[in-house]
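Number of protein chains: 6
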Amino acid sequence: MGASDLSSTVVRATVVQASTIFYDTPATLDKAERLIAEAASYGAQIVVFPEAFIGGYPHGSTFGITLGNRTAKGKEEFRRYHASAIDVPGPEVDRLAALAGKYKIYLVMGAVERSGYTLYCSVLFFDSQGQYMGKHRKLMPTGLERAIWGFGDGSTIPVYETPIGKIGAVICWENRMPLLRTAMYGKGIEIYCAPTVYDRKDWQASMTHIALEGGCFVLSASQFCRRKDYPPPPDYVFVAAAEEPSTDTVVCAGGSVIISPSGQVLAGPNYEGEALISADLDLGEIVRAKFAFDVVGHYSRPEVLSLTVKDHPQDPVSFTSTARTESTPK
Amino acid sequence: MGASDLSSTVVRATVVQASTIFYDTPATLDKAERLIAEAASYGAQIVVFPEAFIGGYPHGSTFGITLGNRTAKGKEEFRRYHASAIDVPGPEVDRLAALAGKYKIYLVMGAVERSGYTLYCSVLFFDSQGQYMGKHRKLMPTGLERAIWGFGDGSTIPVYETPIGKIGAVICWENRMPLLRTAMYGKGIEIYCAPTVYDRKDWQASMTHIALEGGCFVLSASQFCRRKDYPPPPDYVFVAAAEEPSTDTVVCAGGSVIISPSGQVLAGPNYEGEALISADLDLGEIVRAKFAFDVVGHYSRPEVLSLTVKDHPQDPVSFTSTARTESTPK
Amino acid sequence: MGASDLSSTVVRATVVQASTIFYDTPATLDKAERLIAEAASYGAQIVVFPEAFIGGYPHGSTFGITLGNRTAKGKEEFRRYHASAIDVPGPEVDRLAALAGKYKIYLVMGAVERSGYTLYCSVLFFDSQGQYMGKHRKLMPTGLERAIWGFGDGSTIPVYETPIGKIGAVICWENRMPLLRTAMYGKGIEIYCAPTVYDRKDWQASMTHIALEGGCFVLSASQFCRRKDYPPPPDYVFVAAAEEPSTDTVVCAGGSVIISPSGQVLAGPNYEGEALISADLDLGEIVRAKFAFDVVGHYSRPEVLSLTVKDHPQDPVSFTSTARTESTPK
Amino acid sequence: MGASDLSSTVVRATVVQASTIFYDTPATLDKAERLIAEAASYGAQIVVFPEAFIGGYPHGSTFGITLGNRTAKGKEEFRRYHASAIDVPGPEVDRLAALAGKYKIYLVMGAVERSGYTLYCSVLFFDSQGQYMGKHRKLMPTGLERAIWGFGDGSTIPVYETPIGKIGAVICWENRMPLLRTAMYGKGIEIYCAPTVYDRKDWQASMTHIALEGGCFVLSASQFCRRKDYPPPPDYVFVAAAEEPSTDTVVCAGGSVIISPSGQVLAGPNYEGEALISADLDLGEIVRAKFAFDVVGHYSRPEVLSLTVKDHPQDPVSFTSTARTESTPK
Amino acid sequence: MGASDLSSTVVRATVVQASTIFYDTPATLDKAERLIAEAASYGAQIVVFPEAFIGGYPHGSTFGITLGNRTAKGKEEFRRYHASAIDVPGPEVDRLAALAGKYKIYLVMGAVERSGYTLYCSVLFFDSQGQYMGKHRKLMPTGLERAIWGFGDGSTIPVYETPIGKIGAVICWENRMPLLRTAMYGKGIEIYCAPTVYDRKDWQASMTHIALEGGCFVLSASQFCRRKDYPPPPDYVFVAAAEEPSTDTVVCAGGSVIISPSGQVLAGPNYEGEALISADLDLGEIVRAKFAFDVVGHYSRPEVLSLTVKDHPQDPVSFTSTARTESTPK
Amino acid sequence: MGASDLSSTVVRATVVQASTIFYDTPATLDKAERLIAEAASYGAQIVVFPEAFIGGYPHGSTFGITLGNRTAKGKEEFRRYHASAIDVPGPEVDRLAALAGKYKIYLVMGAVERSGYTLYCSVLFFDSQGQYMGKHRKLMPTGLERAIWGFGDGSTIPVYETPIGKIGAVICWENRMPLLRTAMYGKGIEIYCAPTVYDRKDWQASMTHIALEGGCFVLSASQFCRRKDYPPPPDYVFVAAAEEPSTDTVVCAGGSVIISPSGQVLAGPNYEGEALISADLDLGEIVRAKFAFDVVGHYSRPEVLSLTVKDHPQDPVSFTSTARTESTPK
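Sequences listed follow chains A, B, C, D, E and F, in order. Counted from 1, the first sequence has number 227 at position 227 by our numbering; the numbering is strictly sequential. Counted from 1, the second sequence has number 210 at position 210 by our numbering; the numbering is strictly sequential. Counted from 1, the third sequence has number 309 at position 309 by our numbering; the numbering is strictly sequential. Counted from 1, the fourth sequence has number 256 at position 256 by our numbering; the numbering is strictly sequential. Counted from 1, the fifth sequence has number 150 at position 150 by our numbering; the numbering is strictly sequential. Counted from 1, the sixth sequence has number 141 at position 141 by our numbering; the numbering is strictly sequential.
The hints are simulated quantities; they were obtained by calculation from the structure and are not laboratory data. Don't take each hint at face value.
To be verified - EDC-like mimics (lysine to aspartate or glutamate), calculated; alpha carbons at most 20 Å apart, straight line:
hint, chain 1, residue 1, chain 2, residue 2
1, D, K201, F, D202
2, F, K73, A, D94
3, A, K228, A, D199
4, F, K73, C, D235
5, F, K75, F, D24
What the hints assert, rightly or not - Just so you have them, the derived chain B footprint on chain E, three or more residues with Cβ under 8 Å:
hint, segment
6, 120-131
7, 209-218
These numbers were taken from a predicted model, which means no experiment stands behind them. We treat Cβ as the ideally placed atom computed from N, Cα and C, and that holds for glycine.
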């Protein structure tokens, strides 16, 4: 379907600002269903969850890592975190697909993905007919994340063409990567999802800039977490804080927001609490904005500046035949 | 088939001088069919339409652009203009291909092409068996056109070898670009189509010069438009004119013409109204003319003057795998 | 000189928010000197002027251009605008170099450059010893600018290594071009100058984002112009306005700002009037910021995303010997 | 089934340190059953036998080979060795499968495989339900082994996904092949079996290193043989020794060992005699270890170093149709 | 001196339409002086003579050449033609330089140049202070010209920067060579001289087209010759004509013309007789025209189409030392 | 010089087990000189220093990083750490080169390299004539190191052919990367240097295994540090420890060792204190060992297992011309 067909389309979008139920993936999925159901009851056609909503973002943890050392306690903490992550595909993915189909929404879900013994910060995409479409893996984790999450590659930076526009996701500080954003623009992204757990005010500047630069709608979903959303000590210790935070201390303040291609804030930012933030996206705004600035179209200079995206999978080991492991017949 | 085989061939050619039905692409296609049918009834083997016949040339408009500003009204005007353009390939291209096959003509059609959110001033080529052959995108728009159209590259300056000669197109003031013309000569162009909306008398000098310089037939098709071919105000306002033109005011006066390789005017120029301008092209004239002057042959000095044409596509973003966006399964 | 040597350096920077004296280049240069002298008296080591400060930005003008037409009046307006531009090198460049040396400042000056009959929106760089260092030409003009300015190429996107840091400039909406910015980051830019005439509030979001993305200081100098800074009608007509603006009407509202690598606004934005906006840049902030995010260093993924910059000059005509035209001996 | 499901699983493993009954395959199989039964009685879920347990490792023999010659006696020796080997599949394989099912163990058995007139040093895998799963053929025999065994290919380096973890085997000095080990890591091996007949002390360093490198359990089973386990002269002559060893001389000293993913020795090494060496494998150790180092996950650099495994069968003659030979109708 | 300095300059230009006095070079020079004096008396600042004015254009001659043969008579005819040509430099060049100085005009003179035994169709340039500036040699003679004239190279296609604009010359059908014209545009030509002896009407189309294409003034000077300007038979025989022309028959009908950068005919074309054709060139017209179309500036696409001009001398024999011949001391 | 020429060569090698003088790079260089002088006095021909000897390994520090946060104190700590690193090339590199030349040794030096704002854990190589040869950058930092060091690429994994054998280095846990080691083997490494700061006992197993696997000498140099080698609190705080260590507490216990290609420990391991550990390397041992096992020679199976090393530099931004930044003339 061509771009023009969508230019008079209005899409109701909801970004979810909420916290994982830490170390309890089934309960987190139940919470996801309640939030999806509520968004759908207001007519949402696309629902975007924050980074690592499933699996959780271990704010303030060090996993016992210091330079040159790892504590046994930190290793055990990682084992539990690894256990809270989900296989893709797997039963949790099946449940999310079913939810998308039941509530007839496009679902963009942040999740910690388990692939063998390496975890990835991923975003999963589901269509409104209940199909799992695919995933984005965070290309470059930030700071200590590099010690708990692996690195995605160019094969998992998808943009999906759907009846409500072209959808993709860029996670947290990946949004500061100009070449990654340009890859997304090159794929024609129209509904640019930015799941995050970054709650500083400068995030708003980046979101506005990206909307203008990309000529796309930006939907940023951030977690809103209090201390009590994590297990009590000693199961979970906030070593980052000078003193252990109190139960209601805000650990991640949200900041979810929806911005139009002309840089207008349509909803949010919300720094108050858990919330559903919704807006109607007039897709015709895209063409009006790109008239003045089309980052990979009339405003590009490919003969001077050209980006190459190596979007094949990069594996340390490749097998010329397809099957890696053989299963025991049952 | 080599050039010599064509030297005793006579080809009946028709250039169409007519106006777009502005903001109404389906009606414009209907009009195209009527004109093609009429040309075919007179035996035309090739029919050339003016620049931007599909999509339209917004004479006298500014799209609300001044230095440092764009009006909201101008942006909306662009959205409607964008909606009138066509995807290539796409359903309108399919219809044009079918027309070429039905009437057994080679069809050279000016069209505003939509590629994502950037528009191009393109010319589409179809063979007499109903196949879409390819397109030329205007390399360098003129003046304010640079604010509404993107820039083509070297990958879309084709010349097609056909049983009725080698066919290509150069649009409007591109005809003033000596290096682009030389690229066409280098590709062996024999039937040089020059779709335009430029109606000044100096155009005739350029057309004659090109026929002589290139040793080719020149077929220039221009639009003939009156004020009434555009929507009435306030839907469309001629800001260029001191006062709003009256209904019958001529906005573009045509000037379509057919010229032989020896510089002889075979038909036209017509400045009277909408018309079909036809002539029989004796392809043997080409060899007679090139005997004296062959611009890329015996009259060239490649050891002194050499042109390089970079004719690969130039994209701001390249992907090492082929598929850019993935579609949702239906 | 390596980066570490600068990490304890503090640089006093001034951005100039002022208007061209339109159609009067000598007077504009005089005004430049007054502003430079004042900045130097406060200890400025680098002074940045707005886009097109020399030559002027013809706000609200159309140069008589509509689609398919140009008025004689518009052509004459261009002739005068062309006469106000400066050759590079040339006498005005010599004067600017002398000013930089006299006041011992690094000077970054927006100017309309004349190269034959094509104009470029350029930024000129001068060192504190009175040497002209080179220039940046705007790669892609915006909207109607494309009808009055040519297009720069990859050979004029310099970053200069100086004792006060690595200095470069990106003009107006070029700042929305992620690949151009990445080229600047790749060159190690530390003092990122953003001359502009764009006075909308969304500019602040882009400036903050770029400081964070690039881990550099951003110095944005915008013009502040009132109607009276332009010649009175009929010499200059604001066709953009519904009615001719009054003498004191603000035509360009400034918005000049200085931002640190961590996204902190150090000075400005100023939307009040002509002004010198100054701040002390603690270059050690760069390394503190890049510790967390180094866009072309530890936070890049070159094996997935790689940018190629074609930074050789691109000319339509190349001569194998050096001299193009010969001068008559005097 | 995903990795996490196993993270709280404990598996009891036994490695068998014992000698073949040389030139007597049925007796060797009887001995295998006795050892399996004993291991199972202690609760073993997986039992690993040494290299060439079935068929035997002809320590000290030369098979009459010198450079440029082979003795008739050596040829006859090979005939007898060939006769002691087993076809795969074949009746001995069926018996082994039945044993695995009867004792409900996963069985990893070293065997000399006969395929026509070529022998292979293979390892056979059986599941606890009595199914033969497949085999690994030693890729690269060592020294004189190359004169009696063929070379495996990439189609026989399996890793099997089972309810007690992913199981594979690497034989003797194959364990020094970093690319083969990486292939096994790439297949996700968790229970890394290392059948051998190599009894030097440096073997322990390699076993520890592999556990650390691969983040897997290493189960090394070696033969423990005395002179008397071989036929008396002249049926079997130890030409390698200066003088014929006495009956109780140790010919292969064992060294079987079980090591955890963090490099901790769980059982062994045993250099004393025939024995069953057992340990409980806490599979949760794997994730704790890989948190710090995941050789094909977060600690790989596929964009720099990539291994290609050609794991299709490599045959000297290929046929374009699938059936190689036609069968005579019965 | 930059282009802008000339934008308010008006230059009076004269093109000379006259005939050589055949086989009488001194008389031809006398005639040239009379014509220059007359032009100067009307205020001409630049005077342009036709192709081969000195030396003559042997209309209607074959020099006895047929395919495979040359007659002795033709050879003798060439000897006389060779004798009428001039060395450059040489006494005739000195005289022409003196004339330019005396009458304070820029002089552009068509001449047959003798270089050893090869002749060239050249154009000589002189400044108003009496200096010979240099020459252009016709790159590619037409038809039978190739049998009497040599071929120029890239080292003799000059454009001279002068106080009255940038001056160059392109001879006769060289004007149909798009790459040569582009080389001249690349050198910034402003006063484009087109000496010729081609008198067909289609010449006017080319002259107009070039003015538009190049954005320059075009000054075309053609010969106007009658039969009586040549020696009577048998000294000169018009073998081309069916019958010997009568005394007053027009052999070359002129067509000299002056055209502005916007394609406006300022003077001529004259097909009546010998004449001085003059016009005042408002150099400001150039910038007004190039505002819309600058063939090597804003309207070029160098990243797609680029011309290389090899403008070094091309000699069949090169010497590594600079002096080719040694002079005898006087 | 080929490998055989070295087979009767004996090389005296020294590995240095010592601590950085933290935050004091000049003093660390002074200490390096004292240690080199001492080693040279005993006849050492090659001297290997530990990982990060210059710049230091910040044991026990977190740089204020927790998931989702960085403290201002941590940023300042990084700024100081960045200041202690060295540019390559740069004055410290010049000094090291001079030391190698003065003492006529091959020098292998661990250093924290500063490249703009990203640091790398590098090893520098110098020859005995005082030339800097090149560097290896750690490919994959471990755990929290990923937050302070960038990632090397395939262009900096050198092996240098010298008169004392082929020398390369693999840093700390890189030694667990089988593909990287295989790359080194593929380059023919003979003197395999393994600088580290890892002091656990399992390191010895890896060192022995690598010597056997690679058939090379392994020279492992580790730091030996006490608390007092670091600045006292609050300048440096061991957050990893439950309580601040006392002055003499061992922070890194060394373990430096030299091992032969047959797995024999020639010197060390030393866990006692700072020391020079030396051995004579009989290079003939290499060929004796590889006779049995040549990992990239006769014992490889390239048709099944093949490693690809992408050893070109990988930069996020490439420029088609060579110079990135221009320097101000001084």
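Hint by hint, here is what the structure shows:
no., hint, verdict
1, D:K201 <-> F:D202, "15 Å, holds"
2, F:K73 <-> A:D94, "45 Å, violated"
3, A:K228 <-> A:D199, "18 Å, holds"
4, F:K73 <-> C:D235, "60 Å, violated"
5, F:K75 <-> F:D24, "19 Å, holds"
6, 120-131, "violated (count 0)"
7, 209-218, "holds (count 4)"
The structure is inconsistent with the numbered hints 2, 4, 6, although it conforms to all the rest.
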